[in-house]
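> Here is what each chain is made of, one letter per residue.
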Amino acid sequence: MNKNVIAFFRRFQYEKIAPFVALLVLFVASSVLSPYFLQAKNLLNILRQVSYSGTIALGMTFVIISGGIDLSVGSLAAFNASMGILFLNYLMNKLGNEYLAMAGGIVTALLLGVLSGALNGFMITRGKIAPFIVTLGTMAIFRSLALFIGSAGEIRSVSVHYGNFGMESILFVPVPVFAMIILTVVLTLVLNSTRYGRYLCAVGSNVRVAIFSAINVNRIKFITYTLCGFIVSVSAVMLSSRFNAVSTSNLGMGFELDAIAAVIIGGTPLTGGRGTVWGTVMGAIILGIINNMLNMLGVSPYLQGTVKGLVIIGAVYIQSQKA
Amino acid sequence: MGDSYECLLKTIDIGKEFSSVPVLTNINIEIVRGEILGIIGENGAGKSTLMKIFSGIYTPTSGAIQFEGKKVAIPDPLSAKNLGISILPQEFNLVKDLTVYDNIFLGSEIRKKSGLLDKKRMMERTTELLRALEVEIEPDEKIENLSTAQKQMVEICKALAIDAKLLIMDEPTTVLTRYEIDILFDLMRRLKEQGTTIIYISHKLKEVRAICNRVVVLRDGEVVFMEMIEKISELEMAQRMVGRELNQVFPEKKAPAPEIVFEVKDLSVRGTLHDVSFQLHKGEILGFAGLVDAGRTELGEAIIGIRKRSSGQIFMNGEEIDIRRPEDAVEHGIDYLSEDRQGSGILTSFSVTQNITLISLFSYCASFLKFILRKKEDEAALRHKERFNIKTPSLNVRLEYLSGGNQQKVSLAKSIDPAPKVLIANEPTRGVDVAAKHEIYRFINSLTASGLSCIFISSEQEEIIGMCHRVIVMKEGRIMGTVQGQEINEEQIMFLATGVREGASRT
Chain A
1 MNKNVIAFFR RFQYEKIAPF VALLVLFVAS SVLSPYFLQA KNLLNILRQV
51 SYSGTIALGM TFVIISGGID LSVGSLAAFN ASMGILFLNY LMNKLGNEYL
101 AMAGGIVTAL LLGVLSGALN GFMITRGKIA PFIVTLGTMA IFRSLALFIG
151 SAGEIRSVSV HYGNFGMESI LFVPVPVFAM IILTVVLTLV LNSTRYGRYL
201 CAVGSNVRVA IFSAINVNRI KFITYTLCGF IVSVSAVMLS SRFNAVSTSN
251 LGMGFELDAI AAVIIGGTPL TGGRGTVWGT VMGAIILGII NNMLNMLGVS
301 PYLQGTVKGL VIIGAVYIQS QKA
Chain B
1001 MGDSYECLLK TIDIGKEFSS VPVLTNINIE IVRGEILGII GENGAGKSTL
1051 MKIFSGIYTP TSGAIQFEGK KVAIPDPLSA KNLGISILPQ EFNLVKDLTV
1101 YDNIFLGSEI RKKSGLLDKK RMMERTTELL RALEVEIEPD EKIENLSTAQ
1151 KQMVEICKAL AIDAKLLIMD EPTTVLTRYE IDILFDLMRR LKEQGTTIIY
1201 ISHKLKEVRA ICNRVVVLRD GEVVFMEMIE KISELEMAQR MVGRELNQVF
1251 PEKKAPAPEI VFEVKDLSVR GTLHDVSFQL HKGEILGFAG LVDAGRTELG
1301 EAIIGIRKRS SGQIFMNGEE IDIRRPEDAV EHGIDYLSED RQGSGILTSF
1351 SVTQNITLIS LFSYCASFLK FILRKKEDEA ALRHKERFNI KTPSLNVRLE
1401 YLSGGNQQKV SLAKSIDPAP KVLIANEPTR GVDVAAKHEI YRFINSLTAS
1451 GLSCIFISSE QEEIIGMCHR VIVMKEGRIM GTVQGQEINE EQIMFLATGV
1501 REGASRT
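Chains as they are written, first to last, in our numbering: chain A, 1 to 323; chain B, 1001 to 1507.
If you are wondering where the hints come from, they were derived from the structure by calculation, not from laboratory data.
Just so you know, even glycine gets a beta-carbon here, dropped at the ideal spot from N, CA and C.
Misleading hints may appear alongside valid ones.
Residues on chain A that point at chain B, a partial pick, calculated with CB under 10 Å [unchecked claim]:
#1 195
#2 201
#3 205
#4 209
#5 212
Model the full structure from these sequences, guided by the hints.
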């Protein structure tokens, strides 16, 4: 019996550290393949590129653990970022105080993120519509609204500082990376050490058991989609401040797939019930390094999607072998 | 049997290990053609593993199998099928969107020359099979429209559709009513006469005695006993299984207090329950008996708010309470132990501790952020582990690694942890071995002795009779009557449950 347990823990651990091992291998391989890879500038650059969809992937992790999916994250980001900048510009005209306007714009974007996530959650729980369908719908709706308010073009902010803040660094760490790290720490704590986190896994593991265990399943799901909407908006703010503008047709395009990919590569099964936040971060970085290396090695950008696809399928294949 | 018997399947020193832990060691069994061989043992004794080796799901780590005198390898289920070994699984394996005949011929469809499905012939064959079983199911009915017992019959048809030489039945009677069990046993006897060999696995020793020729007892992965059925009593079987003397099965009934704790008045659920009323005393074990689909599970689920009441009132200590969701029930001190352990009772991917505290998690949280106090949680789990004698190497082990009996104890601990005043225990000993069963009886008894009131839903007459102070019998969503004291006997309960006196029905 004791041996059995040891064997089980060995396997359990392995499963959990698999994304980390993959990242390590990739890291070493990349350092050998390209002398530029290990330069601090390059590494920070990778992290910065990864942080936008990586942050979204953190919210997606919770949604997937709950047994759902959120396809609307990219469109939500575009819409919320657009509204944020529009409000910022409005405040600039009205008040003239740039910092106040920036704060207003950011708060608007974050608040809208909460509301739009709540809208997804409301339709999924109250309307009893499958998450895939609801978020497929809102994906189309929010993208179209963003395109409409921006006339399918760019929405520029009139603030100068707004554009700077997204490019700043705190202790050499770019702001969006910093945001991702903070969210990772907080969400890890939420997932592992709070009642909500425990319930989240229970709901994703077996809804019927959760209902019979006196868990308010709808409430947990609602909170999860709302939280995801908020996290998406954090990323949206970072993105819009990076360019000091929102390209309504481009921002967040394909983010839903990148986020899902990061979650899956990070070891969270699509069927839900369990998962780790930092695994997702590993997954996002793995995707980032692969992109970076393919660029450095001069592989056609058109072929990068192929590699990404192969990595996703390969990761899931390896996971299914262990189970 | 003399010298004329013919050995159908013989195992030679079969052993099976999972990650270097032996589950089966040196299994030597001869299965005689045309017999019904009972295989009994506690949960985790290795019965299912052995059957999975016969049916090609597992391959043994050591040893060999002889089938009809020849050494054979059974690397996959298809080879088992080709040999003529058919298994009736413990859990249903039917596609609910397909029809009965589609399911029966799933994977071995009859086709016309053109390659299209020959539905007519499949339907005809299905009708034949169903007629042999004496069940009235239309061959083109969809599976989802069938009752649990009917599904079981379809499973049996499916196993028989390939002319099986060896039919393995793993706990086939768990979901069947008495009448259906009689039909099944008739059928098994007929199959035996036709030369089919049957391996019958069951926890119900009475049934093993009634139907089997010979019995093999497994304990901790070894064959500890093998004997003709005439030469062994039920008690002896049970003792061989657990490897020690067994005390009295049911603990002494302690008289409940006169005060009424819980009351249900005219509870109805549209289409399933009609005007159900009853009272529950403090410390009482109130049995709910009846056939499958009598509405007992529905009643339990309606009380805790999973099913919507169309009318009726619920009282706790004389005050009316409004229960709309399981959360409300827990808040008012009513907990439910589900009959469907895997489906709605426990989370197999959660640890022992996480399962035990799932309902009562609110009492293990600190601050408005609801941080879980791990230490407090572990202490509580440890208490339950000792109290319920849960055999687990650690409290952090995921429940999927525990045996059925221990899973059930965890499920019970989970329902008890919020310290309810009323426990609705639905089939508390389903799929649990003899020793664990006795332990569960004692737990429930001691819980009621300390003031808990229990609604005890069970399809096993013996435990209803042995455990309950009063028994309410239901039929088609209605209460047919209440029996108490000396009146609690099988005949009286069956009369109320079926409306037919025992003597008039088949035996």
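> When the hints from earlier in the document are held up against this structure, which numbers fail?
none
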